[in-house]
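Chains as they are written, first to last, in full-length UniProt numbering: chain A, 1 to 267; chain B, 1 to 267; chain C, 1 to 267; chain D, 1 to 267; chain E, 1 to 267; chain F, 1 to 267.
What the hints contain is simulated information worked out from the structure, not anything from laboratory work.
A portion of the hints provided could be inaccurate.
As the list claims (entries may be wrong) - The list that follows gives simulated cross-link-like pairs (lysine-lysine, DSBU-like), each with its CA atoms no further than 35 Å apart:
#1 A/Lys133 / E/Lys132
#2 B/Lys132 / C/Lys210
#3 B/Lys132 / B/Lys161
#4 D/Lys133 / D/Lys161
#5 E/Lys55 / D/Lys133
#6 B/Lys133 / D/Lys210
#7 E/Lys132 / E/Lys161
#8 C/Lys210 / A/Lys161
#9 D/Lys161 / D/Lys210
#10 F/Lys210 / A/Lys55
#11 C/Lys133 / D/Lys210
#12 A/Lys210 / F/Lys132
#13 E/Lys132 / F/Lys210
#14 B/Lys210 / B/Lys133
Single-letter residue listing:
Number of protein chains: 6
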Amino acid sequence: MTDSEQYRVRQEPFYRQQGNEVALYAAAYAARLPVMVKGPTGCGKSRFIEYMAWKLDRPLITVACNEDMTASDLVGRYLLEAGGTRWLDGPLTTAARIGAICYLDEIVEARQDTTVVIHPLTDHRRTLPLDKKGELLRAHVDFQLVISYNPGYQSLMKDLKQSTKQRFTAFDFDYPEAELEATILASESGIDRALAAQLVAVGTAARRLKGHGLDEGVSTRLLVYAATLVRHGVAAGDACRMALVRPITDDRDIRETLEHAIDAIFA
Amino acid sequence: MTDSEQYRVRQEPFYRQQGNEVALYAAAYAARLPVMVKGPTGCGKSRFIEYMAWKLDRPLITVACNEDMTASDLVGRYLLEAGGTRWLDGPLTTAARIGAICYLDEIVEARQDTTVVIHPLTDHRRTLPLDKKGELLRAHVDFQLVISYNPGYQSLMKDLKQSTKQRFTAFDFDYPEAELEATILASESGIDRALAAQLVAVGTAARRLKGHGLDEGVSTRLLVYAATLVRHGVAAGDACRMALVRPITDDRDIRETLEHAIDAIFA
Amino acid sequence: MTDSEQYRVRQEPFYRQQGNEVALYAAAYAARLPVMVKGPTGCGKSRFIEYMAWKLDRPLITVACNEDMTASDLVGRYLLEAGGTRWLDGPLTTAARIGAICYLDEIVEARQDTTVVIHPLTDHRRTLPLDKKGELLRAHVDFQLVISYNPGYQSLMKDLKQSTKQRFTAFDFDYPEAELEATILASESGIDRALAAQLVAVGTAARRLKGHGLDEGVSTRLLVYAATLVRHGVAAGDACRMALVRPITDDRDIRETLEHAIDAIFA
Amino acid sequence: MTDSEQYRVRQEPFYRQQGNEVALYAAAYAARLPVMVKGPTGCGKSRFIEYMAWKLDRPLITVACNEDMTASDLVGRYLLEAGGTRWLDGPLTTAARIGAICYLDEIVEARQDTTVVIHPLTDHRRTLPLDKKGELLRAHVDFQLVISYNPGYQSLMKDLKQSTKQRFTAFDFDYPEAELEATILASESGIDRALAAQLVAVGTAARRLKGHGLDEGVSTRLLVYAATLVRHGVAAGDACRMALVRPITDDRDIRETLEHAIDAIFA
Amino acid sequence: MTDSEQYRVRQEPFYRQQGNEVALYAAAYAARLPVMVKGPTGCGKSRFIEYMAWKLDRPLITVACNEDMTASDLVGRYLLEAGGTRWLDGPLTTAARIGAICYLDEIVEARQDTTVVIHPLTDHRRTLPLDKKGELLRAHVDFQLVISYNPGYQSLMKDLKQSTKQRFTAFDFDYPEAELEATILASESGIDRALAAQLVAVGTAARRLKGHGLDEGVSTRLLVYAATLVRHGVAAGDACRMALVRPITDDRDIRETLEHAIDAIFA
Amino acid sequence: MTDSEQYRVRQEPFYRQQGNEVALYAAAYAARLPVMVKGPTGCGKSRFIEYMAWKLDRPLITVACNEDMTASDLVGRYLLEAGGTRWLDGPLTTAARIGAICYLDEIVEARQDTTVVIHPLTDHRRTLPLDKKGELLRAHVDFQLVISYNPGYQSLMKDLKQSTKQRFTAFDFDYPEAELEATILASESGIDRALAAQLVAVGTAARRLKGHGLDEGVSTRLLVYAATLVRHGVAAGDACRMALVRPITDDRDIRETLEHAIDAIFA
């Protein structure tokens with residue numbers, strides 16, 4: 001089926017296992033249990049799901065949730081056409097029909113109607129009522145629902161309801177430990193391991209400031225950016241400033257602390 | 001009638017009675033009194049209604065309410081088509097026409113217009129005014145309205161109005177006592193009773209923390225998830241962490257307490 | 001006229017007069033003065049209006065107001081059809097055209113535009129400007145406007161404006177005194193007077209708790225529910241719990257007090 | 001022109017002058033100055049404008065403003081029809097075209113876009129830009145704009161902007177003094193002057209409570225209601241309770257005070 | 001071009017220069033710099049722009065901004081027609097196309113999207129992206145943007161952003177000094193200079209109360225109203241009350257102070 | 001391709017490098033890394049991006065973000081046409097298709113759905129899901145995303161999320177130092193360097209007041225305005241008042257301080 005092919009992950013995504021998460025996810029998928037992946041921004045949650053979709057050979061439909069997203073954006077809507085209206089499945093409906101893994105990224109950003117609409121897909125019913133169409137869709141046997149969730153961000157005002165949380169099995173993620181992270185940097189950017197280790201050292205310094213002036217540490221993604229800039233001829237210090245300092249803070253003191261770390265590491 | 005068949009519960013749902021609720025519900029249905037089912041998340045409220053619909057041989061139309069749901073989503077709307085507009089009954093209207101049980105799940109999540117729209121269906125009138133269509137629908141003689149309600153969640157801002165509450169007879173639900181819950185786990189997942197009892201012990205430990213750091217205990221549903229993971233080859237400890245710890249809390253202390261309980265029970 | 005017939009009250013509704021309200025209402029109708037009925041939920045306000053419509057032989061159009069209701073929902077709107085747009089009268093416009101009694105239930109729930117739109121229908125003008133249609137509708141000579149209002153619910157944020165209040169004559173309603181209420185219970189459910197009196201005693205006990213932990217007492221409607229359940233074979237205690245306790249409170253202490261009352265009365 | 005005739009005041013409205021307001025209004029109209037009428041609810045502001053429209057032989061278009069009213073509701077909008085869209089003038093545009101007096105009742109209730117849209121009609125430009133139609137409408141030479149305004153209601157949040165106020169000449173209104181008010185009651189309801197004077201005495205008593213528990217006194221309109229009920233055979237005391245007490249307050253003490261006044265006056 | 005003619009100022013507007021503002025504006029227009037005119041309500045800001053448009057022989061398109069105005073109201077939108085949709089330029093787009101002066105009156109009232117949409121028209125780009133049409137409009141060489149702004153009204157919540165302010169050259173306006181204001185009154189209403197001077201004296205008295213109970217003084221426009229009423233036969237005291245007292249305040253003390261001033265001046 | 005040509009920067013924009021930002025940007029573009037430019041209003045951020053687009057010979061699509069902008073405004077929407085609906089790419093989609101640099105100006109002004117919609121375009125996926133069209137767009141190899149950000153404006157309520165920030169490399173901008181700024185003024189307006197230096201001195205004086213009564217200093221753009229007015233014959237003092245004083249503050253004391261500076265510099 002064409003739809004299905006479009007969402008197939010074509011190449012093995014680069015992913016290094018941190019524990020036994022691959023086997024555990026495979027078991028959850030085998031039982032078709034809904035999965036929640038938790039962890040800070042840019043630590044590889046999306047990459048893991050992409051990898052599992054490739055490994056399990058399932059199409060993957062990713063939806064970046066946001067506070068203006070409505071249930072209709074997930075489920076579908078009627079389009080007006082020459083000969084009347086035509087129903088257009090939303091990404092969640094498509095996934096349920098073709099048996100894809102549906103990955104709702106940063107689900108808490110969405111309005112509550114989107115979180116409630118997934119409930120009947122996450123219990124023994126495995127159905128999705130398309131109320132506007134008068135259809136009760138029974139999910140494809142291969143369909144699975146996955147959501148991501150960054151606990152650090154949640155406030156009292158914006159959190160998943162217990163009645164949603166209690167519908168998922170969960171995985172904890174974090175930044176990879178130093179050795180592995182250096183390997184990732186070298187593989188993704190093409191710089192040598194020594195330099196990669198130095199950049200990881202800068203990242204480690206920045207992560208220590210989390211909660212002491214920084215809301216969040218430096219993600220693996222930003223470290224890969226810095227490595228890539230160096231690979232394109234930018235001096236290491238400039239690359240660190242562009243990718244690891246300026247994007248994450250405007251605080252003068254924090255910036256100075258980070259500059260000192262950079263100077264010390266690349267001295 | 002096709003519509004009616006689509007909403008028929010095809011197989012007897014697995015349900016173990018906790019008291020005389022089956023007989024009481026049957027009496028309420030015989031008098032066509034509206035019913036409210038109250039209780040914590042994942043304790044089996046929806047399953048009970050599904051079971052009663054099967055037992056009474058009535059179609060069941062379930063609507064997951066949410067704060068973006070409007071009266072039109074329940075009642076119906078006009079669709080634009082090639083030859084003009086066509087009226088499409090909403091799920092509540094369909095239920096009233098075909099004589100189904102209409103189950104509005106988590107009604108307090110909905111906007112107030114949806115709660116007011118059900119009023120004339122819940123008193124001696126048993127009518128539903130389709131104002132936009134200019135039709136006064138008299139409900140099918142077999143129609144019944146059921147709503148669910150989780151008292152633990154309600155705040156001053158979001159509660160049912162007295163003028164709504166005073167239109168329902170009510171049932172209280174809670175998690176099943178330990179023996180029954182173990183039986184449920186064994187039946188649903190296929191694991192043996194001894195292991196099921198151990199998992200129920202973990203659930204009991206978690207439920208004791210409710211109000212002492214946990215907003216809500218562990219639901220029967222999550223216990224079934226854990227049992228299912230074990231059945232798919234996951235170690236008991238890993239299964240508990242995936243299904244009973246990580247989904248419900250990120251608090252370090254609570255997590256530790258739960259880990260201790262798991263270690264003790266599976267030691 | 002077809003429309004008119006659809007809204008005719010077909011059978012004499014069961015209604016027991018509490019004072020001289022029938023004669024006073026008849027005078028207000030004779031002068032076509034707008035009427036406001038005030039009182040707690042489920043005390044018989046809607047039933048009284050239904051009864052008067054039957055007695056005066058006028059069609060009755062009831063609208064359950066809600067906070068998402070707009071002036072267009074009352075007045076009417078254009079519908080898109082094959083050959084262009086078609087105007088559809090709303091319930092208020094229909095009532096003004098056919099000379100019905102228009103009963104706006106819980107008017108304060110509505111948005112202010114709906115309360116302002118009724119102003120020219122409630123003074124010497126007796127007109128309804130259909131601005132979107134460019135028509136100034138002069139009300140049928142038999143048309144009358146009635147609104148209901150529960151003073152107990154109103155807050156500073158949600159109250160009728162003085163410029164609206166000062167357009168109505170008003171009736172005060174309350175729960176019927178015990179003798180009459182027992183008669184109503186017996187008539188409506190078919191149980192005997194002795195049992196009816198016992199249920200009324202439970203209701204009286206609950207009403208004494210209003211303001212001492214209960215927002216609202218038990219309505220006559222809930223007493224009828226309890227009577228009906230008994231009539232369908234439910235034990236009196238169970239019927240009271242289902243209809244008079246659980247729907248109105250989750251407070252442990254209040255529930256206990258009510259249980260004691262039930263035990264004492266049915267001992 | 002048909003439109004114009006529809007808005008013509010057909011009969012001389014009953015109006016008793018309180019001072020020289022008729023001559024002053026005539027001068028303001030002769031100079032086509034915009035007019036603001038100020039005063040409490042139900043004191044006869046709308047009646048005065050109706051009277052002046054009749055006296056000056058101008059069509060009158062009245063708009064009851066409300067907080068959901070948009071500029072489009074005043075100015076006009078496109079309607080979809082079989083052969084495309086058709087522009088429909090709003091009431092303000094119609095008034096500006098046919099040379100009517102346009103009376104915006106309770107203007108502060110409207111959203112600010114409606115108050116700004118009238119600005120170019122109230123200075124030397126006397127134009128109304130129909131932006132959506134690409135037309136700059138120059139008002140008919142007989143057009144005049146009138147707004148009403150109840151100073152007692154205004155709060156800091158909801159008041160006319162100075163840039164709007166400074167575009168109007170203004171009239172102050174209040175309830176008529178006792179003699180005149182009794183004459184009005186007698187004329188409008190057909191009761192005799194003695195009884196009318198007694199009802200006015202009740203009204204005077206109620207107005208003394210304004211600011212001492214009552215937000216607003218009793219309007220002339222409510223006094224006319226009471227008189228009308230008496231004329232239809234209702235006892236004076238009952239008529240006062242229905243029209244002068246219950247609609248305006250639920251406060252037990254205030255109600256008692258008013259009851260005493262009624263008893264004393266009709267003793 | 002027809003559009004252009006419709007917006008041409010046909011007659012020289014009455015305008016008396018207060019300083020060298022005419023020459024300075026001409027220089028700003030010659031350099032096509034955006035202009036902001038600041039000052040209290042009714043002091044002649046709009047009249048000045050109208051005068052300059054006449055003097056520079058440019059069409060003038062005025063838009064009264066309001067908080068419900070969206071970028072689409074300024075830029076344009078698609079209209080549905082028989083043969084599909086048709087794009088309709090908004091007033092800003094029309095002005096940019098035909099080389100008009102576009103005057104956005106009370107810009108801070110508008111939503112922020114309207115203030116951001118003007119940015120690319122106010123720097124070296126002089127472009128207007130019509131995103132919905134996929135067109136990048138380059139402004140006509142004669143186009144100029146003018147906004148008005150009343151500093152007295154602005155609050156913390158509603159102010160122009162610095163990134164908007166820093167795109168305009170600015171003019172300060174105020175009420176004309178007494179001699180000039182009397183000349184304006186005499187010219188506009190036709191009353192004699194002596195009486196005009198007396199009315200200006202009343203205005204001066206009122207303006208002294210600004211900040212001492214009055215939010216804003218009396219505008220030149222209201223003085224012209226008073227003069228016009230006198231010209232139509234209204235007594236000077238009545239004219240002052242109608243045009244200078246009642247529209248601007250309901251405060252008893254302030255009204256008394258103003259009455260004393262009127263009595264003294266016209267004694 | 002036509003679209004592409006429309007967005008081509010036709011002439012070399014005037015830009016003076018302040019450091020090695022041109023080389024660093026070129027490296028970021030070579031690696032197709034997303035870029036964030038930070039700095040105060042009117043310091044040349046937009047000019048820099050325009051210059052880089054010209055230098056790299058890439059089309060540039062600029063979007064002025066605002067709080068009413070939705071994801072659909074960026075991504076695209078369906079238009080209704082004679083023969084049905086037609087999809088219209090939004091500016092972001094167009095840029096991703098044709099390989100343009102897409103510059104989202106003042107991104108924090110936009111609603112969060114617009115910031116989330118760019119996420120999959122800023123990591124290894126480089127995709128844009130057009131959910132409403134059911135298409136997963138893979139970005140053109142030359143596409144790059146750039147956003148601007150003014151740290152001075154951000155509040156707790158309105159800031160980029162860390163999960164967005166950590167997707168960009170960043171550049172810091174500020175006003176040029178005095179010598180360079182005078183060169184810019186002379187080049188852009190045609191006045192001589194001595195006068196340009198005097199105007200820069202006024203700007204420097206104003207910038208010293210930032211945080212001491214002024215929210216923001218005077219931008220380079222306003223200095224160019226002042227220079228341009230002088231070039232059109234306006235006296236230096238008048239030009240400074242029009243371009244450097246009145247637009248940015250209404251505070252009497254600040255204005256006096258600035259007047260003193262102007263007098264001193266042009267004495």
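Outcome of the hint check:
1. Among the hinted pairs, A/Lys133 with E/Lys132 is consistent with the structure: their alpha-carbon atoms are about 30 Å apart, no more than 35 Å.
2. A C-alpha spacing of about 39 Å is found between B/Lys132 and C/Lys210, which places the hinted pair above 35 Å, so the restraint is violated.
3. This hinted pair checks out: B/Lys132 and B/Lys161 have alpha carbons roughly 25 Å apart, not beyond 35 Å.
4. At roughly 27 Å between alpha-carbon atoms, D/Lys133 and D/Lys161 fall within 35 Å of each other, so this suggested pair holds.
5. Of the supplied pair hints, the one linking E/Lys55 and D/Lys133 holds, its CA atoms being roughly 28 Å apart against a limit of 35 Å.
6. For the proposed pair B/Lys133 and D/Lys210, the alpha carbon gap of about 46 Å is over 35 Å, so the pair is violated.
7. Taken as a hint, the E/Lys132 and E/Lys161 pair is honoured in the structure, with Cα atoms around 25 Å apart against an allowance of 35 Å.
8. Proximity of C/Lys210 to A/Lys161 is assessed by CA-CA distance (about 32 Å); at most 35 Å being required, the pair is judged to hold.
9. Only pairs whose Cα atoms come within 35 Å are accepted, and D/Lys161 paired with D/Lys210 is accepted, the gap being roughly 27 Å.
10. Restraint check for F/Lys210 and A/Lys55: not satisfied, since their Cα atoms lie roughly 57 Å apart, outside the 35 Å limit.
11. For the given pair, C/Lys133 sits about 41 Å from D/Lys210 by alpha-carbon distance, which is inconsistent with the 35 Å threshold.
12. For the proposed pair A/Lys210 and F/Lys132, the alpha carbon gap of about 39 Å is over 35 Å, so the pair is violated.
13. Using a Cα cut-off of 35 Å, the hinted pair E/Lys132 and F/Lys210 is violated, with the two alpha carbons roughly 39 Å apart.
14. Note on B/Lys210 and B/Lys133: the hinted pairing is violated, with a Cα-Cα distance of about 48 Å set against a maximum of 35 Å.
Checked against the numbered hints above, the structure breaks hints 2, 6, 10, 11, 12, 13, 14 and satisfies the rest.
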